[in-house]
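Respectively, the protein sequence lines represent chains H and B. Here my numbering is used: the first residue of the first sequence is 1, the next is one more, and so on. Here my numbering is used: the first residue of the second sequence is 1, the next is one more, and so on.
In case anyone wonders, no lab produced these hints; they're calculated from the structure. One or more of the hints may lead you astray.
Unchecked claim - Pairs of lysine-lysine, BS3-like flavour, derived with a Cα cap of 30 Å:
| no. | chain 1 | residue 1 | chain 2 | residue 2 |
| --- | --- | --- | --- | --- |
| 1 | B | Lys186 | B | Lys217 |
| 2 | B | Lys119 | H | Lys139 |
| 3 | B | Lys351 | B | Lys186 |
| 4 | H | Lys231 | B | Lys119 |
What the hints assert, rightly or not - Label pairs and their calculated CB-CB ranges:
| no. | chain 1 | residue 1 | chain 2 | residue 2 | range |
| --- | --- | --- | --- | --- | --- |
| 5 | H | Gln189 | B | Gly439 | 55 to 61 Å |
| 6 | B | Val451 | H | Leu170 | 52 to 58 Å |
| 7 | H | Leu250 | B | Glu554 | 43 to 49 Å |
| 8 | B | Glu28 | H | Gln189 | 42 to 48 Å |
| 9 | H | Ile70 | B | Gly82 | 51 to 57 Å |
| 10 | H | Gln189 | B | Gly131 | 50 to 56 Å |
| 11 | B | Pro396 | H | Val198 | 42 to 48 Å |
| 12 | H | Gly267 | B | Arg553 | 29 to 35 Å |
Said to hold, decoys possible - In silico negatives: residues of chain H with every beta carbon more than 12 Å from chain B:
| no. | residue |
| --- | --- |
| 13 | Gln57 |
| 14 | Ser166 |
| 15 | Ser216 |
Note that beta-carbon positions come from the ideal geometry of N, C-alpha and C, so glycine has one too.
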Amino acid sequence: MIFFRLPSGLALRTLQRARHIACLSLLITATPTIAQEVGDHQYTSEAIQAGSRVYVQQCALCHGPQGDLIDGINLRLGQFRTASSDEDLARVIAEGAAGGRMPAFSLRPDEFSGVIAYIRAGFDPDGVAVRIGDPARGKAIYDGKGDCASCHRINGAGSRTAPDLSDIGLIRTPAILQTGLTDPAATLQPIFRQVRLVTRTEETIIGRRLNEDTYSVQVLDSNEQLRSLLKADLVSYELSSTPVHQPTTLANGEVADLIGYLLSLRGLE
Amino acid sequence: MNTLQRIGAIALCLSGLLASSFSAAQQEVTYERLLNAQDEPENWLTYNGSYDGKRYSGLTQINRNNVQNLELKWMLQNQVFGAWQSNPIVVDGVMYITQRPNDVIAMDPVTGRVFWVYKHTPAENARVCCGANNRGIAILGDKVYMGTLDARLIALDRINGKPLWNIEVGDVNLAYSITMAPLIVKDKVMVGVGGGEFGIRGYVVAYDADTGEEAWKFYTIPAPGEPGHDSWEGDDWEHGGAPVWITGSFDPALNLTYWGVGNPGPDWNPGQRPGDNLYSDSVIALDADTGELKWHFQFTPNDGYDYDSVQVPVLVDREWHGQQRKLMLWANRNGYFYVLDRESGEFLLGKPYVKVNWSSGLDDNGRPIPTPQPEGMPTWPGNQGATNWYPPAYSPRTGLFYFSAWEDYATIYRAEEQEYEPGRAFLGGGFTVLTPALGAPGVGIGRTNPVNTWTDEVGHAALMAMDPETGEAVWKYEQFDVSDGGMLTTATDLLFAGGREGHFHALDARTGELLWKASLGGQVAMAPVTFMVDGVQYVTVVSGNAMATFALRE
Chain H
1 MIFFRLPSGL ALRTLQRARH IACLSLLITA TPTIAQEVGD HQYTSEAIQA
51 GSRVYVQQCA LCHGPQGDLI DGINLRLGQF RTASSDEDLA RVIAEGAAGG
101 RMPAFSLRPD EFSGVIAYIR AGFDPDGVAV RIGDPARGKA IYDGKGDCAS
151 CHRINGAGSR TAPDLSDIGL IRTPAILQTG LTDPAATLQP IFRQVRLVTR
201 TEETIIGRRL NEDTYSVQVL DSNEQLRSLL KADLVSYELS STPVHQPTTL
251 ANGEVADLIG YLLSLRGLE
Chain B
1 MNTLQRIGAI ALCLSGLLAS SFSAAQQEVT YERLLNAQDE PENWLTYNGS
51 YDGKRYSGLT QINRNNVQNL ELKWMLQNQV FGAWQSNPIV VDGVMYITQR
101 PNDVIAMDPV TGRVFWVYKH TPAENARVCC GANNRGIAIL GDKVYMGTLD
151 ARLIALDRIN GKPLWNIEVG DVNLAYSITM APLIVKDKVM VGVGGGEFGI
201 RGYVVAYDAD TGEEAWKFYT IPAPGEPGHD SWEGDDWEHG GAPVWITGSF
251 DPALNLTYWG VGNPGPDWNP GQRPGDNLYS DSVIALDADT GELKWHFQFT
301 PNDGYDYDSV QVPVLVDREW HGQQRKLMLW ANRNGYFYVL DRESGEFLLG
351 KPYVKVNWSS GLDDNGRPIP TPQPEGMPTW PGNQGATNWY PPAYSPRTGL
401 FYFSAWEDYA TIYRAEEQEY EPGRAFLGGG FTVLTPALGA PGVGIGRTNP
451 VNTWTDEVGH AALMAMDPET GEAVWKYEQF DVSDGGMLTT ATDLLFAGGR
501 EGHFHALDAR TGELLWKASL GGQVAMAPVT FMVDGVQYVT VVSGNAMATF
551 ALRE
């Protein structure tokens, strides 16, 4: 963990702005690198473009050009009735669904992966399609070797120190989730940077900011307590330059499964 | 992770451990803490500050000698337009307040800065008669609870504001709603439903506070075969109203929860629903574990005036006429002040505290002797009542009961036959406020214009200090406009309140003398609360679209 040591007042705000810009440019320049690094987390743009042709020929008649003509399904936004992983989608396409109302399609393997890639890219032929694995396997990774609950919380279980993930599937795209796992620094939002505060009474508070203004800062600390501090009462205010968690060491398939699980988290119905 | 990062991470963990020993901890809010809320006056743990509904604080830093040194510490502006009637809860350095329509805000009570906001968007067809109000949350363990305008009950993580469960309490399509702050007793969270103007059938319902699973439900209108059903004719009971829209009180020794029940429906046509219409306009005593009815007392049988009995039941143990008794004190919307025995429901005393002409008095059992006025003639008190939902207070030091009364306020009622239609208003007529001149403005349901053109001639407020022994006010603090202001009293004999004029004032609770006031400019409705953080006592009050917090000048 590395902390920026920040001066107070205007200089502090300037620094924050500068770092924000640096962070954005990192995101932009990092993208091609990520694509290479993540390997088969993601589909190729050739597959997505091929898939767009398959979709128009085979799927659009019923599902519509925007993928939203069937009740309860929005292919472009990733809303399905039963499927969640790429394997599920392939099975539905190959076997049909809804008691025969969707027929079985006999596609070549590259057509299968192409049309799934097109759906995963949000119908954008130039988009990025992240491979999405099995949510059940992903949950096992979340609870097990990923040790995610030691910082994150889902539906009341786990730590509150990192952001709650109960509805993360509604608010993050697969691409951002994937980048967050493989290159956390690229997606770390400024408000989530860890702070380290030392008060005049020599109390050290580590936590994550919830709110901040010129004179005070509100923090959820490492003991999961809500703290509100006047800046005038602080002798030190430091912001971490790095995310709490490191780039994942999970295998590609495991990352896909974990993304599948995270996308299934859609809050309370 | 490189070596430097590893060292940093270890240091982070260590300093986290160190920090824990210094934190002003947000502890679990156990039932025992709620039960003994008076022992931690630095917090305001329940709707009324304690289960007995007294709104009496043991804090003493602000007293009659220094109250004039109060100064504004912060304000929070409501982000939503509309009158604000929410009651703040303060616990271990965090304040929780709701804002329209159904947001929960967690904030720092010292600076007024916000930790988080949770937003629930009610269903578009949610209907409430009298404003999209929410009167606050309840807290237990690591959760806070909010009822919603679309009749749902939501449990949130009290630290990070994330929803843990969200259940249907009533059918929004039939205009069931929740505006009250829930009541926590033991391991249960209890709410009542609103919708008395829409032909609902009211109830109080208790859920397992952990899971949201229903534990018991008590209908405020008895079904066929149940005691009291014969107070209705035909199928009137199915849409007879009797909502419960204000938080109940609780007596742990008797294990009884007490709830005020609202008006029968249709509101203004009692001839359409013959009978007493139980348990509308009553107080009901329900077993806290089972919801079983132990007793009831009906204030206004076959009400045609919208006299909801949704006042806070105030539970007082004191000597009364030479005998130590467990009392319930109640200034009712119908214009009478009541003293009941809360073990049995026995009627002990009842006297009018304002002009009353819908009844000529109460009989030995407390039943009113009805004197309905001829068509077109005014009825005192008027439709908004001689008082209403706004919380009263009781001081064990002064022995006085404090509440806002409306004096010289009357209404002309008009009854009409009306057929029930699901989800539609079910009022059975209408009313107009009595004014001294044709075309003059009458008192409205709230103040949205800072210019008072209706004047005191159509009604005005009197903050009353009632002696429960006699049923007579020992002093009154008169105001020019009417007031929907709740009360707060303290162990230093201060009484804090406000009203529609936007004044927030501190009175001497013994004499009614004005000691301090601040013009906040927006109507004060919900009662103030007081709490202490880091040795400083604060007083918080909602005024208009803002919440203001005061403490003594340093």
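Verification of the supplied hints:
no., hint, result
1, B:Lys186 - B:Lys217, "16 Å, holds"
2, B:Lys119 - H:Lys139, "28 Å, holds"
3, B:Lys351 - B:Lys186, "36 Å, violated"
4, H:Lys231 - B:Lys119, "29 Å, holds"
5, H:Gln189 - B:Gly439: 55 to 61 Å, "59 Å, holds"
6, B:Val451 - H:Leu170: 52 to 58 Å, "47 Å, violated"
7, H:Leu250 - B:Glu554: 43 to 49 Å, "55 Å, violated"
8, B:Glu28 - H:Gln189: 42 to 48 Å, "31 Å, violated"
9, H:Ile70 - B:Gly82: 51 to 57 Å, "40 Å, violated"
10, H:Gln189 - B:Gly131: 50 to 56 Å, "37 Å, violated"
11, B:Pro396 - H:Val198: 42 to 48 Å, "45 Å, holds"
12, H:Gly267 - B:Arg553: 29 to 35 Å, "46 Å, violated"
13, Gln57, "40 Å, holds"
14, Ser166, "5 Å, violated"
15, Ser216, "5 Å, violated"
Violation of the numbered hints given earlier is confined to hints 3, 6, 7, 8, 9, 10, 12, 14 and 15; the remaining hints are satisfied by the structure.
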